[in-house]
Amino acid sequence: MTQGAAAEAFLGATRTTAGAGVLVLRNDKLLMVRQARATGMRWEIPAGGQEPGETLEMAAAREAKEETGLTVEPQNLVCTYSSYRIDQGSMVLGAFYRATLTDPDAVAVPQRDDGIVAAEFIDPFVLPEGDISRLTYRLLEQWWPHRESVLPPFHLTLTRTTNGYQN
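Numbering (my numbering), first residue to last: 40 to 206.
Don't read these hints as lab results, they were simulated from the structure. Accuracy of the hints is not assured; some may be wrong.
Once the Cα atoms are required to be at most 16 Å apart in a straight line, the calculated EDC-like pairs of lysine to aspartate or glutamate come out as [as the list claims (entries may be wrong)]: (1) Lys68 / Asp144; (2) Lys68 / Glu187; (3) Lys104 / Asp152; (4) Lys104 / Glu93; (5) Lys104 / Asp162; (6) Lys68 / Glu180; (7) Lys68 / Asp162; (8) Lys104 / Asp126; (9) Lys68 / Glu159; (10) Lys104 / Glu159; (11) Lys104 / Asp153.
The model shown is predicted, which means the values in this text are computed figures rather than measured ones.
Sequences are here, hints too, so could you generate the full structure?
See the structure below:
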């Protein structure tokens, strides 16, 4: 399915939500969380849904705090994304921001009440591809080689069916 066809399929989506996440580096390692989901355990970027009254930057910072216990300050926009769930008639529109820690020496603590079983700074490319969420993997493919630069934001589109991601 092309990106245009996927977008057309969702013009009448029954549910649209917004989300945001943060890309935080320390010593060339990325802050990631391992989260228990219905589809299994995957490493991903700290991220989640936007709550009423929040900007996307506020949502990204709150999610980082909720999932890792770390306080961050979102900086520049790195990526926007559209994630279509054909089988559920829903879509998520979101953004990822580069962020800095307010305390550079703070330690990440997984917030188990949020389903987070690990939160740490790691080199994402030492992980098997199948251990990284599809959205995170696609984001890192484009951003990681340029992580020390400020580039214009890019956009990702993902389409998921009952058989998994189609792109």
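Hints versus structure:
1. Lys68 / Asp144: Within the cut-off at roughly 14 Å; holds.
2. Lys68 / Glu187: holds, 12 Å
3. Lys104 / Asp152: With Cα atoms ~13 Å apart, Lys104 and Asp152 stay inside 16 Å; holds.
4. Lys104 / Glu93: holds, 15 Å
5. Lys104 / Asp162: Distance of about 21 Å is beyond 16 Å: violated.
6. Lys68 / Glu180: Holds, at about 15 Å.
7. Lys68 / Asp162: holds, 5 Å
8. Lys104 / Asp126: Violated, because 31 Å separates the two Cα atoms, which is more than 16 Å.
9. Lys68 / Glu159: holds, 9 Å
10. Lys104 / Glu159: Status holds; Cα separation ~13 Å.
11. Lys104 / Asp153: Satisfied, since the Cα-Cα distance of roughly 11 Å is no more than 16 Å.
Checked against the numbered hints given earlier, the structure breaks hints 5, 8 and satisfies all the rest.
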